[in-house]
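Listed below, chain by chain, are the residues.
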Amino acid sequence: MQFVDLVSNNVKTTFIKTNKFKTISINVVFLGEFSKENATRRSLLARMLPFSLKKYPTKKDINNKLNELYDMGMSVSSYPTYKTNMTSFSVDYVKPEYINTGENLHAEAIAILRELIFNPNIKKGGFNKKLFKEQKNILKQNIINIYNNKNRYAIRQLLNHMGKDEITSVSALGNLDDLELIDEKNLYNTYKDIIESEKASIIVIGDFDDDVMLENLKLLGDFKNNDLNLEVVSNEEKQIEEVKELVEKQNINQAKLIMGFRTSVNSIDELYPASLVFNAMFGGTFQSDLIRVVREENSLAYTIASQAISDLKLLIVTAGIDSSKYEMTKNLVIAQLNNYKNGELSAANMRLAKESLITELIEIEDNQNAVMSFYFKNHLYGVAEDVVDLIEKIKNVSLDDIKAVAQGINLDTVFLLASEDYDG
Amino acid sequence: MVKNYPLIKETKYTQTLDNGLEVIIIPKSGYKRTFAVFATKYGSLVNRFVPYGEKNYIDVPLGIAHFLEHKMFEMPDGTDATELFADLGLDSNAATSYNMTAYLFSGTSNIIKGINLLLDFVQTPYFTDESIEREQGIIDQELKMYMDNPADNLQLGLMENLFKYYPLRYDIGGTIESIKDINKDNITKCYNTFYHPSNMYLIIVGDIESIMETKEAAVEGLFEVIKNNQANKKFPKILDIKKNILVEDENVNKLSGSKKMDIMMAKTAVGVKLPFEKFSRNEPMLLQLKLKILLDATFGASSDTFQDMLDQNLINGNIYTDVYVDDLCGYIKIHANTQKPEKFVHYVRKKLLELSKSKLTEEEFNRYKKAVLGNFIKSLNYIDNIAYTYLDNIIKDSDVFEVLELLQDLNLEDMKKLEKYFKKTAISDYTILPKNE
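For the protein sequence lines, the chains are A and B, in the order given.
Just so you know, we're using the working numbering here: the first sequence kicks off at 427 and counts up by one.
Just so you know, we're using the working numbering here: the second sequence kicks off at 112 and counts up by one.
These are computed hints drawn from the structure, not numbers from a lab.
For every residue, glycine included, the Cβ atom is placed at its ideal position computed from N, Cα and C.
It is possible that part of the hints are untrue.
Said to hold, decoys possible - Simulated restraints, written as ranges between beta carbons of each label pair: (1) N115/B / N724/A: 52 to 58 Å; (2) V814/A / N204/B: 26 to 32 Å; (3) S501/A / L523/B: 29 to 35 Å; (4) K370/B / K590/A: 33 to 39 Å; (5) N765/A / N227/B: 34 to 40 Å.
Only chain B is shown next, with the shape it has when bound in the complex:
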């Protein structure tokens, strides 16, 4: 399927292969680098599921998706996929998020070989007890590194406060204890269940004509390369994946919390829990966009709030607003470095509660629409960003390339519908305090 997006002057080609793999190609003429990501709709949120071909649910240790990501790179012949990419002059990497595990490479030549290698190494599971044990040592150090990072602690603390069961409350990497329970058996079950091609995406962004060294039917040629690769492999039949993610009511787990670390200035976050909803196509993306506009209007650099917080010394030059929405629920996070954490929390809570009555004017709203348009166009300069935001949205059934069309239709009435999210029982805060206070 070919789809043109005239507002952003981009084109997207998609095909779903016989084995269920969805392939997306986005040509970016003139770019030297190609960016390819092979991703599974499987991240740290899934810890309870029915393994492929079995009948009963099993529970797996926290952090297993991330652990599996590390282990994928090890090949049966003792080589490491990173080295094989490097041999081709390609940079490779991987990342695990709450709801996705992504393997990627980028480079300026040998792209076809790279795509084959990317598919091959992710589709060659090889796990041994010895190597899992060795990996436990490395991940142990990685987790310790995060434990010293105040920003990571802030995120974790806030999520634990917001959610009672939903696995956003756990660190993506798991814990030093939980990873000890990872073994060849449970890691293999995760792989067999979630790495089936029908649960995966391959996205390629770059100058396709230059990759294929032809101007004739280059995109079609690239699809053929991928199809041939997949045709040479046998996959079990496509089954529906049964996973059980605990959902919960809309009230926060804990209203407030804090911890001390060896830092000079407090880091504080106020969060809003977004309730569990049934979303239709593009809705998660649109909700995220609308909330971003609202929060930017409330806390952004052009708001009276921002100057007021500076005047009262509640923030240190910056305040950050994050909005996360997955296909089930989400959260808002307002955070800053602050010398007055208690006052900051009080102030932000008050502002958030005021959002239950929308005060946005038509003029302001239209200005933000312009800013969003410009900002999105700018973001299309970066091919890695295109691949990531595309994947990030497609896993929640949203097409980021449609965002500007949807934006045009957005009106002030749509913004009023956000009022329901801002209520006392949905708000929590968390603070990292300097240890000597």
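So here's chain A without its partners, still in its complex pose:
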């Protein structure tokens, strides 16, 4: 796999060259600010754009076209890292050698991408009213529907309580109050802001001829290379005065215990590799201490896991338990963290955690999207390292580093989604 950095269409462009995939993926990413104010608009816009092409105004039109092009993929995605948002316009298609009917799939892909980015179906300064209403309604239902997925609902509730006035509480999916304020006109303004005022870059991955690709990319025209001051990771120091505990009851069989911790390590911290190892040891893998203690030794849960959200300096523990086992499970998790803080650590567990992480990192190269996402985030964070560098750093993590990571972790909020018979 070869990484070629160059400038095309006035912006930073990266070609990731590899012939092991049967597809090519072209992506244009815009970076801008992520905030409570724009989160819902960004979410709705990403839903709208793939159906709002002037040249292919109906779903039937665009899907027929994509089917005709051998199931070409076309998407707009939007997701945050701390207070920065990435909006990605993408097309992916099979390598032309797999079809023998003479279509120029490279050119077709660029043509679709150009329509997607630059030519939305706009009338009188706004999106098509009917389509807008339809997608707004769908997003509304999706937000309401988080309730159906108990785990996701419980995590959302935890983050809402834990980081009330922080970016942590802002859902990238959006919220109902803000959604009400959006109309087809102000959504179009959000679109224009992204294209005009954000910072664009291009990534292409697959097996292709550089000159042919550059020639095709020219058809997209120039993008804006605005110099923005983006906050990509949290540097906030939060003091926890008192651990918040919240219980909500629903008619469910299995309770969801969600524990939210603050950490002192963000994605660009020197201890970041150690924080990855910590998480893998603590609750990130099937061999982790939480699985061993909570599931295997005490039969308290079918699932228990920890996940680090490093851009927000958070660590979340989730478990599916019997409501009556709430206190016991919670205390076991806290006790386990205290063991880490006191340096009661197993070198064997650390070795397993490292191996598991290293394997995961090596495997990134087997997935086009994972390669792009890893590469892109590293550049965004300014750590500019490749998989091999990060693996080296992980190998060098010591038990003292793990202890140091653990000492920066403190419980902030506990949320229990309990069954109705819970009387705690």
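Please arrange chain B on chain A, whose structure you already have, making use of the hints.
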């Protein structure tokens, strides 16, 4: 045997060993990860069979295949196979479906050791009463987790409506009651009968030259590794497996049903029961493919139906179509989250019945053929997907790598033959309703 598939630029190597084990190797040059699956043609559908070496049929508790899967990982020396894989830096897992139990691992180094471990742990049965009892606690929690999942409840409800006896109507994990009847004796009988190598497949997908650290005869070398492993073990002679799966007529069990859960929006499914048929080679796969094209043309994002359902607020942005065909029968499932479950059901039923007269045009059909081709090529980017779809098809005597050749020959007349499946008595629906409605 070596087989090249020029349309997809892939090669498959297969060998059947003396003990009956079928080994499949699919080289994927440049891939860092290797994916290996050791699978038995035995899943939740089999609950009545003649145990190996016996004469009479026995009935076993629902969910026993899944329970056995959990128990396989426990080794006689008290270790757990998952830990042994982890020691090698390998990820391991297992899954039980309606007609297969699969043990798998993946990783980027120690692959040969991993393959030996995979064969060894699955071929080392070790069941004790105490550990079976402990497992009952864990599976009890697992089943409760599924009971809170609206999608799982929808699937189960629809299957109960479609089938009277065929065991698709039971949850793969069994019930909280049924697993209490699982014991050392019946679990051992299941193992002895269905885990004979002649009832199993081993598939390995990855960069074989890198695994074997040689460019010379790497695939042959890998076959040798597997043969040596098997040659060191004794297996009883190959016997035909007698299993009895209840089949039934083509009418659904119940036309409609619903249940309430603590959710905000209804989830609704309409199902079509596919009748019991005698399939020949590749037919189940092809039937599945043809039905997928037909349903995509009818309900997919490029259909008028899809926009119409959005306009009438019958779906919430998405509608899903699943087609399941095993070696005996199958079902179609059209499902969505909806604010208007009754209207959704009415609408989908009407559309399904209209399929008894094919309206697909040549132009549409050819466009879908292109889409299927592209979609299949794309799916070959993922080695785990290759292994799973290959196994999923081979257990019903179909070779997924031949699908594009078969697709080329497919014509509109073949699609007309699907008309017979869409009749009133073969359709049922099931809805999960929010509890406060």
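Hint-by-hint comparison with the structure:
no. : hint                        : in the structure
1   : N115/B / N724/A: 52 to 58 Å : 54 Å, holds
2   : V814/A / N204/B: 26 to 32 Å : 27 Å, holds
3   : S501/A / L523/B: 29 to 35 Å : 31 Å, holds
4   : K370/B / K590/A: 33 to 39 Å : 37 Å, holds
5   : N765/A / N227/B: 34 to 40 Å : 35 Å, holds
The structure fails none of the hints (numbered hints given earlier).
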